[in-house]
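S.K.: Place chains B, C and D on chain A using the hints.
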Amino acid sequence: MDRVSMGIAAFLAVVAAFATAAYAQKDKAQEGIEAYREALQDGNPAELYEATGEELWKKPAGPKNATLEACDLGLGAGVVKGAYARLPRYFADTDKVQDLESRLLTCMSTLQGIDTKPYVEAAFGTPPKEDMNALAAFVSGQSKDIPAAVTPTHPKEQAMYELGKRMFFYQGGPYDFACATCHGQEGMRIRMQELPYISSNKGAAAGWTSWPAYRVSSGQMWSMQWRLNDCFRQQRFPEPVYASDATVALSMYMAANALGATMKTPGIKR
Amino acid sequence: MKHVALLAAFLLIAGPAAAQSTGKPAPWGPGADDAAFAQMLKASFKDKGIAKLDRLNQDETQAFCSDPGTASGPASAARREKIEAANLATVKWPSDGKWLGDWREGEKIAQSGRGNTWSDKADQPNGGNCYNCHQITAEEISHGTIGPSLLGYGKMRGQGEDVLKATWAKIYNAKSSNACSNMPRAGHMGILGEAQIKHLMALLLDPQSSVNK
Amino acid sequence: MGNPMKIRAASKDGVTEIKVLMSHEMETGQRKDASGAVVPAWFINEVTAKLDGKTVLQAQWGPSVSKNPYLAFKVKGGKAGDKVSVTWVDNKGDTRTDEATVT
Amino acid sequence: MTQHWMERRPMERRQVLTFVGALAAAGIVVPRAAFANWDKAAFEAKTLDDALKALGAGSPANSGDVQIVASDIAENGAVVPIQAVSKLPNTERIAILVEKNPNMLAAAYDIGPDTVPDVTARIKMGQTSNVLVVVKADGKFYSAAKEIKVTLGGCGG
Chain A
9 MDRVSMGIAA FLAVVAAFAT AAYAQKDKAQ EGIEAYREAL QDGNPAELYE ATGEELWKKP
69 AGPKNATLEA CDLGLGAGVV KGAYARLPRY FADTDKVQDL ESRLLTCMST LQGIDTKPYV
129 EAAFGTPPKE DMNALAAFVS GQSKDIPAAV TPTHPKEQAM YELGKRMFFY QGGPYDFACA
189 TCHGQEGMRI RMQELPYISS NKGAAAGWTS WPAYRVSSGQ MWSMQWRLND CFRQQRFPEP
249 VYASDATVAL SMYMAANALG ATMKTPGIKR
Chain B
278 MKHVALLAAF LLIAGPAAAQ STGKPAPWGP GADDAAFAQM LKASFKDKGI AKLDRLNQDE
338 TQAFCSDPGT ASGPASAARR EKIEAANLAT VKWPSDGKWL GDWREGEKIA QSGRGNTWSD
398 KADQPNGGNC YNCHQITAEE ISHGTIGPSL LGYGKMRGQG EDVLKATWAK IYNAKSSNAC
458 SNMPRAGHMG ILGEAQIKHL MALLLDPQSS VNK
Chain C
6 MGNPMKIRAA SKDGVTEIKV LMSHEMETGQ RKDASGAVVP AWFINEVTAK LDGKTVLQAQ
66 WGPSVSKNPY LAFKVKGGKA GDKVSVTWVD NKGDTRTDEA TVT
Chain D
5 MTQHWMERRP MERRQVLTFV GALAAAGIVV PRAAFANWDK AAFEAKTLDD ALKALGAGSP
65 ANSGDVQIVA SDIAENGAVV PIQAVSKLPN TERIAILVEK NPNMLAAAYD IGPDTVPDVT
125 ARIKMGQTSN VLVVVKADGK FYSAAKEIKV TLGGCGG
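Protein chains in written order, with this note's numbering: chain A, 9 to 278; chain B, 278 to 490; chain C, 6 to 108; chain D, 5 to 161.
Chain A with its partners taken away, still in its complex shape (with noise of 0.2 Å):
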């Protein structure tokens, strides 16, 4: 071999083992993380959540001095069990698609008498909208364990399924992103967070199944509404309407595409 080409060589060795380096630092870093995510599983403080929320759900409130216990959320009148695993969906009574939330509005204004206004308006954890969180860990709470069943069959759940789509990917803004930036492709990270690819179905369901969770950064429990409106900040986007049809439509995508998965709700989160 000629000076030239030995330098060369040597070269191609010094990179391949820097890159062979690089590569098991990186696995071993996430072996670090899948232990710590594991390690947090145990005790998620979401069950503190999920207490007041039934409590919520339980105590008389608003002008009608009435609980949401005959709220229908899907099943029927009153039927929290597996209720959350089959959101969201039509409604007849407000000839609406509706996701958790959204119907919880509806049950507070409609059994309750409340004006839900507040509710829409105030910031995310702080009062009266940190109830919402609260009510969603614990209704989604009683479909830990059961599969996702949203399939849009309604028109207007087709409907709101194709508008989902649509939004997701929907680019705009200073930096050009759409949902589909970061989770439109298999097995993206970003930073050290892996991306669920929400088109797929195992996607969908690493995403869906597993909000609302508790947020251990923040020490908060986030609803899917709030899990929405801070990725819309991340995007750069104007922040979206609690409750709106947008958030809905992308809720419908999610939740038709992660149809079976096991929902494992409340989550935990970094």
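Hints are computed from structural coordinates only; laboratory data are not their basis.
Don't take every hint at face value.
Simulated pairs of lysine-lysine, DSS-like, Cα-Cα distance not exceeding 27 Å [to be verified]:
| id | chain 1 | residue 1 | chain 2 | residue 2 |
| --- | --- | --- | --- | --- |
| 1 | A | K272 | C | K24 |
| 2 | D | K144 | C | K79 |
| 3 | C | K55 | C | K79 |
| 4 | A | K137 | B | K319 |
| 5 | C | K97 | D | K44 |
| 6 | D | K91 | C | K79 |
M.R.: Just chains B, C and D now, with coordinates in the frame of chain A:
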């Protein structure tokens, strides 16, 4: 904001076609349910902080890339080229002919993801978000994988004029070489200023940079 | 008073495993609220756990225990039906006791 | 050092920063209904030596019978699960310390005679650091250490 004028120019050239399908009938997406979708967008968002509703208005590139099935198909090749050329035309080259700044500053910009959300103030410099998607240095293990690894970027490529130009164009307007790249158009959209881009150039290309060590 | 704790206690092969989730802010004392005012330090500093009336564990905590604290430990003995009681006291003197039955 | 300046919710970021600040700040509030046991000197110690001294541990002997079960990496420093286990007979006390927290002592557990010396806690860590578990058994002190890397993953959402 100069890019607004450019967007306006795009829209003039492209006309309303920007928001319509490229001919193939699609079961969803642009053309299928425009009225319902537009109405949903309008009713579902509100201004917050510096993030105003006008951010939902798409330029031609964004509209084209919002239907990835069509955009990536062979029938759209000519359209992609046209969009890439239009984006390339937006690139402003370094005003003083100098390409590289300080790689250490570049590392800080690459680390920062700050800026342009509704909870950000407009008066602080934006970050480049680079580590969100790219591996850049070996030291930072918390990096994304949406974009390719940039480890050894300059070492592999050197500092020839073609490399300098291609790298600058990619950072300034990533859509100049790939119409529907996931990468933001940092210069074109006013996310990063010229000095910041030079620092990122140095991070990638300076032999002393930790990228190339 | 605070919100109720979640206590789980299960006996298996002669060992009772006790897991407790407490609802508490565990404020460090320098976080600022939206208006810029300092949120005062507020954290649980003492925890006492009893099995069948007998103290089995006493914990002392500083503010670097995480928000909504979690505590898990094991005790030799104990059987289904035994009472577990957990009491916390925070630095403001607030306290709360909750009970559970070993399963 | 893996800390970075990703854009994130101001509150979360503040929480991480102020956590360090809070620990650095002098005044941990003295409990009003002071529990006799709360070891103020140990919790307020600013150096590892002072903390160990306050615990009465001096310089504990490194022991393979003291184990720290924790992941090598914490995805977020606000909650780091730590399981501290002692295989030493007559273990009376288990303390968890974080070397790079401005106040090292996070938690101390007094173990009853029937209690298995195996406790799980969740603590805050301001940055990548050694975590130290100190065990008092038969009146003597033993310790083990493990480095835990703190990363900030995700896009802040």
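S.K.: The structure should be examined with respect to each hint, and the outcome stated for every one.
M.R.: Hint-by-hint comparison with the structure:
1. K272/A - K24/C: 20 Å, holds
2. K144/D - K79/C: 23 Å, holds
3. K55/C - K79/C: This hinted pair holds, its Cα atoms lying about 12 Å apart.
4. K137/A - K319/B: OK: K137/A and K319/B at ~23 Å, within 27 Å.
5. K97/C - K44/D: The hint holds at about 15 Å.
6. K91/D - K79/C: 14 Å, holds
Checked against the numbered hints given earlier, the structure satisfies every one of them.
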